[in-house]
Amino acid sequence: MGGHNDETLSLTLNIWRQSGPDTAGDFETHSLEASPAMSFLEMLDVVNENLQREGREPFAFDHDCREGICGMCSLVINGKPHGPESETTTCQLHMRSFNDGDVIWIEPFRAKAFPVLRDLIIDRSPLDRIIQAGGYVSVNTGAPQDANALPIPKQNADLAMDAAACIGCGACVAACPNAAAMLFTAAKVSHLALLPQGAPERVSRALGMVEQMDAEGFGHCTNHYECMAACPKGISTDNIARMNREYLRASILSR
Amino acid sequence: MNAPPKLDSKVPSGILGDAWTNHKFALPLINPANRRKFKIVVVGTGLAGASAAATLAEMGYKVQSFCIQDSPRRAHSIAAQGGINAAKNYKGDGDSVYRLFYDTVKGGDYRAREHNVHRLAEVSVNIIDQCVAQGVPFAREYGGLLDNRSFGGAQVSRTFYARGQTGQQLLLGAYSALMRQVSAGRVEVRTRCEMVDVVTLDGIARGIITRDLETGAFERHSADAVLLCTGGYSNAFYLSTNAKTCNVTAAWRAHKRGAFFANPCYTQIHPTCIPVSGEYQSKLTLMSESLRNDGRVWVPKTKGDQRQPALIPESERDYYLERRYPSFGNLVPRDVASRNAKSVCDEGRGVGSTGLSVYLDFADAIAREGRATIEARYDNLFQMYERITGEDPYSQPMRIFPAVHYTMGGLWVDYNLESTLPGLFVLGEANFSDHGSNRLGASALMQGLADGYYVVPATVTAHLAGRKLERIDTNHDAFAEAEATSRARFDKLLNINGSRTVDQMHRALGQLNWDHCGMARTKQGLEQALKQVVQLREEFWSNVRVLGDGRSLNQALEHAGRVADFMEFSELMMKDALTREESCGGHFREEHQTAEGEAKRDDENFCHVAAWEYRGRDQQHQRHTEALSFENVQLTTRSYK
Amino acid sequence: MHALRRFLETSVGRKTVLAITGLSLFGFVIVHLLGNFALFSGTEAFNEYAQKLEDLGPVLMVAEVGLLTLFVVHMGLALSLHRQSREARPDDYRIRANMGRSTVASRSMLITGLALGVFLVIHITDFRIKKIMGDPAVADLGQAVVERITSPLGLVIYMGGIIALGLHLRHALQSAFQTLGLSHPRYADNVRYVSAASAALITLGFAAIPLYLLFTGQGASS
Ligand SMILES: Cc1cc2nc3c(=O)[nH]c(=O)nc-3n(C[C@H](O)[C@H](O)[C@H](O)COP(=O)(O)OP(=O)(O)OC[C@H]3O[C@@H](n4cnc5c(N)ncnc54)[C@H](O)[C@@H]3O)c2cc1C
Ligand code: FES
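Residue numbers (this note's numbering), protein chains in the order written: chain B, 1 to 255; chain P, 1001 to 1641; chain W, 2001 to 2222.
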């Protein structure tokens, strides 16, 4: 090709188009001149603006904070959830990670539990239901004891925070060859298992959340650790080991 | 129409420190067994909404909760980084409820209600206890106790934090409490479901109309009380640090049904954001203010100096904050730092390809303290900066520019957080209450949770038990009318079929607001902008293009509905800025400044809240005022020289 | 009982049983290998060892039934879990890239497992069943084994089985530790090394037997 200066990238985009949950979808091909300074979602914004000016409907894709924390954005980009950069959400990915002439495939996260609602948007409500099954501490709003009455070793607090950093985007499910939601579930089980506040409900939490995870139709974990590699927050599969332990313990202790 | 309701703030009398306790005692109680007979609609699942919905459900009320995102956990509160204030005085550095109260009133440039602020400072202490009990993993010291830091120039360390993700952790705490109530069957959460109108009956809010964003279906929900926890309106400026779906729709719809809008011109502009890189820019990213502790802000002395920063010798650099404010230097408050950045860029001395940024230089700090120290302090921020800009801040100065960040204005509420529309309560950033004309860092999270966990669960009884609420069903004409109006609005948007996209129109509006109602405002500019905004709105309604249909997921249509409301709202924001003939906090009128270019408050004429009443389509808004009296804090002029 | 059923109905519970049965089978593999090492000392030594096992009588029976059960349970669970995962993603990606953490071993667990199953059936019918039936071909078991594993076809099957075993173990060992929650960040890397090393050692151990026999000219007389 040639002829392009450093300032633009000529891209071929294959983007998933699907009008609704019950219809079949397929890829649609578009070409675009993008600036390396754009974020990936800004690049899609431009695609959508162009489409609308031509009288064609824009692609639907989820996004909100656009700074890597709300967990709303998704997308599988060239086969990788959240694209090629490690510990980077799609909204934080910038076009300078691509080269002039690249062909980019953009698909929704795929799992039976995450049906496509439209184009690149999926339904991730199963993740909320997993939390409903025990991802909380049962304490009513009121006047609990002073926050400093119960010191917590810094190391545990830090590990709990590592696990609690999960943004609930579902990339772990998307990356898992088995479409398992273990990393998501384990992150919450771990976060609370590491803190004394979570202790009283350890048993019911581990049992409830694991059972809900299965009921939602996710796959099982074969310890590929692809989830950890895809996780934009770098959450470790050590949490999965911890959840397995919690679950085993709970099964032995439960009645 | 009835006579306009008076602005009765319902502030309790008596000693400031006892007011909230006494007020709670005076409020009616509802027997726990009777609570489930009341249904409360909570719109929004940010810190304010999630905490309110969870708490009310725990108390036994029937709760229905709504949000735009696909999960309540994704509300914009999740993005808050820095921390949350609380007057715990764990550091023993002389903090107290009174000091937090005092700092907040002063920081708000004396435009907040003393009693509200004092209550906020009081309950701040309980918030931390509650969050820790929920398992929020706040940062801790080696001894296992909670760590605090000083934030936003505060002279005490009262800010609790969870790495750079405090908002996320607090929201996940409130969200988990909410999820617990969902599993207990006491809350129904509706995600991807946008409130598009409030339904009133006999002048009382009795429900809402929503649009299901997946199916486009309009739905009617009746309620005994409606809580709006729908966040701020920074996105009226298009570019802001807020999440893309942040909007004014819920507040604006309620406003048109009778809730007064207070101080819409109070917007906060944050000085350390990553600058715009091109026309496609969709939002701005905030970087922690803490960077100004070590970074030095400068621009070249000469206009249009295009040299690389490293090639500009020391003598040709203007460290303008240090020059103008020798004692505070780079640490002047947000509004001052922002305004100065704008003025040097207006002079043509801005840097970067757009000329709309200033340098924040760490070279001296790195030379002084070593790279390792600077890395330890800011590495995550530096990485974020590099990820977005592709520039390495260790080897060249960062470029920063101010961005709209927070809106102090919002629906007017009384001490009970009830708006002028009875039965409609407003919480969190959506109300106007506690920050006056300028919010201190780490205080928004505190306010959202105070409102949701502690204030409204107590005060809502004033309405529920105090008024006679007939049973209402959604077949009532009031619901039919509201639904039909909403439906017609969306149908109309789909049928204009003009030539400009919603995003284009939104950008145009944002530019107008930024240019004339942003960091510095003038009478002339505002008057001109007021004319332009009316034209823009007319163009919007005749020339916008929204494709697709209303019966399925249609993001452009959602966006169009929100932009339509921003268009109307912006006019009010400008009007408010025009009528407030003074400078205070986030509102800077160039006509009202001291000889040195500092904000000049006019306490004699403007020590009041301006609350605007909507009086119908073809009528002008009416401006009401609520006088502010300062009995506990002395009115003084801020100075950072 | 209820708790057990509940346990076995979840993926994590079934995985736990999978890991425990797997580790037990791993134990058996080690014992088997050590037994086979008797071949290094000649077929007599091997036959003596085999006879000792035979002499255990009912104990051996119980052990064999136990092993078979372990095997069937292991295989059955693996298949049921596999089905769950296939159902969990009915529409696959058009383009699928590896995120870089999975390995050939981890991705081929089902295949290596099935291959091991086939190998085992051949292996058992060749020796154990014949032995039980009193087939004269295996009267001198040591000799029969030697001939079998050094014959061209036998060698290929044997080596195929061993490679499948090696790959399977390569992923399985650390995976079992992870599943049982026995991995701890501090030891995780060690567990990974140890399991890779033991998988390699076992593979080499098994492979060494026919190679040794061939090199020392004790192979099938053909
Ligand atoms: C980048 C950034 C950093 C910040 N850092 C800090 C900090 O360190 N400390 C601090 O104190 N403050 C900080 N703030 C401010 C603070 O985060 C917000 O003011 C606060 O979180 C607002 O909470 P909220 O509950 O009022 O609203 P939000 O969290 O904005 O929630 C609004 C909710 O309303 C819903 N909603 C809106 N409209 C509708 C509708 N029409 N129908 C249905 N649902 C609707 C949304 O879906 C959402 O659930 C920061 C803000 C930003 C932008
Ligand atoms: S849009 Fe919020 S994480 Fe990407």
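Since the hints were derived computationally from the structure, they do not count as laboratory data. What you are looking at is a predicted structure, and each value in this text was computed from that prediction instead of being measured. Positions of the beta carbon are idealized from the N, C-alpha and C atoms, including for glycine. There's no promise every hint is true.
In silico SDA-like links for lysine to any residue, alpha-carbon gap of 25 Å or less [as the list claims (entries may be wrong)]:
id, chain 1, residue 1, chain 2, residue 2
1, B, Lys154, P, Ala1033
2, B, Lys233, W, Leu2025
3, P, Lys1091, P, Asp1318
4, B, Lys233, P, Lys1600
5, B, Lys233, P, Glu1289
6, P, Lys1256, P, Ser1009
7, P, Lys1024, P, Leu1007
8, W, Lys2131, W, Leu2025
9, P, Lys1523, P, Arg1638
10, B, Lys233, W, Arg2186
11, B, Lys112, W, Glu2087
12, P, Lys1641, P, Arg1220
13, P, Lys1039, B, Asn140
14, W, Lys2130, W, Leu2067
15, P, Lys1006, P, Thr1579
16, B, Lys233, W, His2184
17, B, Lys233, B, Asn156
18, P, Lys1523, P, Arg1190
19, B, Lys112, P, Arg1190
20, B, Lys112, W, Arg2186
21, P, Lys1301, P, Pro1397
22, B, Lys154, P, Thr1579
23, P, Lys1024, B, Asn140
24, P, Lys1600, P, Lys1641
25, P, Lys1062, B, Asn156
Far from chain P, some chain B residues (derived; all Cβ distances over 10 Å) [stated by the list, open to error]:
id, residue
26, Ile15
27, Ser31
28, Ala37
29, Lys112
30, Tyr136
31, Pro153
Covered stretches of chain B, going by a simulated chain P footprint (3 or more residues, C-beta under 8 Å) [said to hold, decoys possible]:
id, segment
32, 23-30
33, 56-68
34, 120-133
35, 163-175
Comparing the hints with the structure gives:
no.	hint	result
1	Lys154(B) x Ala1033(P)	violated, 43 Å
2	Lys233(B) x Leu2025(W)	violated, 37 Å
3	Lys1091(P) x Asp1318(P)	violated, 38 Å
4	Lys233(B) x Lys1600(P)	violated, 46 Å
5	Lys233(B) x Glu1289(P)	holds, 23 Å
6	Lys1256(P) x Ser1009(P)	holds, 21 Å
7	Lys1024(P) x Leu1007(P)	holds, 21 Å
8	Lys2131(W) x Leu2025(W)	holds, 22 Å
9	Lys1523(P) x Arg1638(P)	holds, 24 Å
10	Lys233(B) x Arg2186(W)	holds, 21 Å
11	Lys112(B) x Glu2087(W)	holds, 7 Å
12	Lys1641(P) x Arg1220(P)	violated, 56 Å
13	Lys1039(P) x Asn140(B)	holds, 19 Å
14	Lys2130(W) x Leu2067(W)	holds, 18 Å
15	Lys1006(P) x Thr1579(P)	holds, 20 Å
16	Lys233(B) x His2184(W)	holds, 20 Å
17	Lys233(B) x Asn156(B)	holds, 18 Å
18	Lys1523(P) x Arg1190(P)	violated, 44 Å
19	Lys112(B) x Arg1190(P)	holds, 22 Å
20	Lys112(B) x Arg2186(W)	violated, 36 Å
21	Lys1301(P) x Pro1397(P)	holds, 16 Å
22	Lys154(B) x Thr1579(P)	violated, 53 Å
23	Lys1024(P) x Asn140(B)	holds, 19 Å
24	Lys1600(P) x Lys1641(P)	holds, 15 Å
25	Lys1062(P) x Asn156(B)	violated, 37 Å
26	Ile15	holds, 15 Å
27	Ser31	holds, 17 Å
28	Ala37	violated, 4 Å
29	Lys112	holds, 17 Å
30	Tyr136	violated, 4 Å
31	Pro153	violated, 5 Å
32	23-30	violated (count 0)
33	56-68	holds (count 10)
34	120-133	holds (count 9)
35	163-175	holds (count 4)
Hints 1, 2, 3, 4, 12, 18, 20, 22, 25, 28, 30, 31 and 32, counting from the list given before, are not met by this structure.
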